Every structure is written in structure tokens, then in C-alpha cells.
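Student: Chains as they are written, first to last, in numbering that gives the first Met the number 0: chain A, 0 to 108; chain B, 0 to 414.
In short, the hints are calculated from the structure, not lab data. Given the structure is predicted, the values throughout are model-derived calculations rather than measurements. Glycine included, every Cβ here is placed at the ideal spot set by N, Cα and C. It is possible that some hints are incorrect.
[To be verified] Have a look at the derived ranges for each label pair, beta carbon to beta carbon:
hint, chain 1, residue 1, chain 2, residue 2, range
1, A, Asp-13, B, Lys-153, 48 to 54 Å
2, A, Glu-90, B, Lys-223, 40 to 46 Å
3, A, Leu-41, B, Ile-265, 45 to 51 Å
4, B, Val-319, A, Ile-58, 43 to 49 Å
5, A, Pro-30, B, Gln-104, 53 to 59 Å
6, A, Thr-15, B, Glu-263, 24 to 30 Å
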Amino acid sequence: MLIFECPYCGVLADETDLAAGGEAHLKRFGPGSSDDEFEAYLFNRENPKGVHFERWRHINGCGKWFNAARCTVTMEVFGTYPAQTLEPPTEIMNNISVKRPGWKWKEFS
Amino acid sequence: MKKYSAFAVAREALRDHLGWERAWRSPEPQNEYDVIIIGAGGHGLATAYYLGKNYGITNVAILEKGWLGGGNTGRNTTIIRSNYLQDPSAAIYEKARSLYENLSQDLNYNIMFSPRGVMMLAQTQHEIRGYERTAHANALQGVSTEFISPQKVKKLCPIINIDGPRYPVLGALWQPRGGTARHDAVAWGYARACSDMGMHIIQQCEVTGVNTVDGKVVGVETTKGAIACKKIGIVVAGHSGVLADMAGFRLPIESVALQALVSEPIKPCMDVVVMANTVHGYMSQSDKGEMVIGGGADGYNNYSQRGSFHHVEETVRALVETFPIISRLKMLRWWGGIVDMTGDRSPIISKTPVKNIFINCGWGTGGFKAIPGSGWAMAELIAKGEPGPLAEDFRVTRFREGQFIDESVAAGVAH
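For reference, chain A alone in the conformation it holds in the complex (with noise of 0.2 Å):
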């Protein structure tokens, strides 16, 4: 059973306490982009095999999202943050490169 620290009331989550919520640090695009981007945005993911960040809801808890980076194979978990960043912490990619060597994702690798 996956079991995640919140990082608001630093409670540890098993999953019945938690709402999976997709993705994390999904670039938003709105009126005025091109249909390209807006496609990108709704429908088509990541979905890696290997280290996956996603945003997850403390719904039996603080009620607060957060986002986590995990493994989708091994399901280890690297670390929790808060929602209201725009990269994750250096800490949690740091941790991530010691233990998937060579790992990618979008933006940030």
C-alpha cells in the first residue's frame, strides 16, 4: 500500500486517505494558444515507467493537494512537496538522480 508523507500536516497517508489526482507540473494552456499546445495539455501525458511526479489530495486529511515524485515500477516513493511550486525541491531531485541514474522528464531532468 503506497504511503506518502503530506507535506501540510505531515501526516503519513496511506492511500485510502488519499485522492489520486494525475500528473504534476502540467504546463496550463488557455484562449490564445495553438491547438498543439492545448491538445498537450489535456489529453497527452507522460506516463513513464520510472520516476513519476503526480499531484495527490489529502481527502480524508488536511483536504490539501500536494505533489509527489515516485517510482511507477517499484512504486518508491522519492519525496512529497507542496502544490504551489513550479519545479520540485532540489532535495527530492537530488535523491531521485542517486537512485535512477539517467532518469528524464519534460522539463526538468
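Please arrange chain B on chain A, whose structure you already have, making use of the hints.
Tutor: Same frame as chain A, now just chain B:
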């Protein structure tokens, strides 16, 4: 290939069964093929089979990183039905269901198709309206279904509890010509027929890269060396995103785990398939007597072929209320498969941004029932380079155009 028949069984019985031959060959890869199909599951093998049967293209290799039919083909709950709401879905699933009816004869391989009937329970007023609408749509599409009363549900499936305290059974969408088939046999039967046509099924051969020149595919890199080809069909379900990444494009797909379980075998007690979408569970009884149970998909990306434990609890809890008889059964096996979910929960059979690469994916939680129809449509797409009537609505560009095939509402959670 020696034909299977009652006569062959009698002949072999008289000579210690020494005359049986291997069902398919396992050759080493050639340097070049006309078409390479990546993925030897049901959909990949069916694609290859109809390429040969309908279009005479037999210089084909089917590459499989694991073993034949070892992915979702061997992990599903074997339900076959075609009672879909939208016209494009009903067309391809009904094509598949009708091909299943004669598949054993067509392949000379017993796939144990059992048209025992599939019912989808309506347990809320909303579901009654939804299924009545589907029944009307099916009548227009030429798919034989009807909306039946709770009493008829009880008559068809006596072990069901129709006055459950939380979700009473208010009716059901009944497709008498739906049913189940032996999932492994579907893969094996197609593999045997493909091998017989001279196609190469190469197992333990993982594709590690896709080679392109000027936006056109020229071959693949594999763990057994480079193989050149003119066309590629990617039919890899959960790993579609990984293959698309190798070929340099992205897909509107997320891979999640869907799980199923079977109970210890018991005496025959249920001769229909029952799906309960409100409470997220579906059940049928296999020929061995096991109760085959399917649950909901997890909500997060996953490549591990294992699902969440709490989903099993939810599924079983719901089914125990619907079928009180199973409350003391022990569960025998529990497994997960990685399904590829698209934005509108309908599949993709399409050309791709790379010339001569075609993709068949996104069957999500409901791929097994579609295998023959999917292979039929994908073979047409690969052979002609353009989609036929079955495939054209499932193009990948429908997301950009807003032409969704919105079955996620119609099909509920379970496919």
C-alpha cells in the same frame, strides 16, 4: 500444421500421443520483414492473423518481450459483450463478438467460446435510465440486447440477492449472446494459425528502439539485434507510452493497474456473467468452477502489475452483498494487469506522426472482448495505410478535434 479433429484425437490415442506437433514455431529473427507487430498478445496476434488471412501479407514478425499472451490477454476476466452506447464502439465490439462465434472453427482451435449471456445490473434510477437508453441504441445498431426486470434477473441468476439493503437490483441490461471464452486459447489459437501461415513469433525479444529515416520507419532495435521492416504495428497495451517515446511521439494515455481474482472452485452455481457497475464488481464462474471476479482500476500510474489491496476489499465487499453465497469462499489467486487508459476511455487504432508506424492501444479495462474486431480493423489499417470504417473513428487525432467516443459514462467503471 496438422489439423485438430476428433479423428486426430483417436489416431493419437492409438499411438501413445507421439504424433502431436508444436502448435507454433519459435524461429530466430530474420534481418528483414514487411511488417513487424510489436506485442504478441491477443490484439497483436489477431492483427497478424487478419493481415495474412484478409490481405495475404505473411512476411510478418510478431515480437514479444515476455511470453506469448502473458500480459493482459492472460490476466482479464474473459467477458465478451458488445452492448455499447456509441455507434463506433458498438460496431467494433459487435464485429469482435460475431467473429468470436466462429473463431474455434476458423482457427481450428477450441477457444471455448461460451455465449452464456451477460447482464449489467441497474442498481440506481440513474442506471435504469442509462441502460434503457443503451438498449434503444443497441436496437438501432443491430446489437441484440434488452432491459429486463429484477424478477427475470433472479430467474437467470438465482444466487443473486435482488433486494440488497443498500443497492437493490432494479433491472438489468441483458445481452444473451455475450459470454466468455478461454483467454489463453484465443492467443494460442491465433499464434498457431499465424505460425502456419509462415509468420515468425519471436518471444523473449524486447524492442529497445525504433529506427526512423526522414520521419519514416525503417526498423527496430531489439534484444536479439536490429531488424529492418517496412511497417510497424505497435500493439502493447500498458507499455504503449514507452514504445511511443522510442518512436518520438506522445499519446493521450496513462497506464494504471486493473486487478482480478478467483475463488477456490465450487460446484456450478451461476451460468451467466453479472456485472454491477455501481458497486464496482463483476463475476462469472469458470469451467473449472472458480468464481472469476473483476474489480476497479487504481487511480494512479503503475507499471508493476500489482493493484492496491484496498480495491480488492471494496470489490469483494460489494459482491458479498450482491451474492451472499460467496461470503465463505476462499480466494485462490489475485493478480493485476497494466491497462492503458485514454482521455475518453475509448481505444486508439490509428496512424501516428511517424510514417508507417500504426498504433492499436487504449483498450483500457475492456480489451479482451474486442480482440478479433481490433485485429480485423488494425490489419486493414496496416495493409492499406488508411483506416477502414471500423477504425476511422478511433484515430488518435480525435482528441485534438474534440470528436470523443465517450463511453466512460456509458460503460461505467467496468468494461
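Student: Are the hints correct? Go through all of them and say.
Tutor: Hints, verified against the model:
no.: 1; hint: A:Asp-13 / B:Lys-153: 48 to 54 Å; result: violated (39 Å)
no.: 2; hint: A:Glu-90 / B:Lys-223: 40 to 46 Å; result: holds (42 Å)
no.: 3; hint: A:Leu-41 / B:Ile-265: 45 to 51 Å; result: holds (47 Å)
no.: 4; hint: B:Val-319 / A:Ile-58: 43 to 49 Å; result: violated (26 Å)
no.: 5; hint: A:Pro-30 / B:Gln-104: 53 to 59 Å; result: holds (57 Å)
no.: 6; hint: A:Thr-15 / B:Glu-263: 24 to 30 Å; result: holds (27 Å)
In this structure, the hints that do not hold are numbers 1, 4, in rising order.
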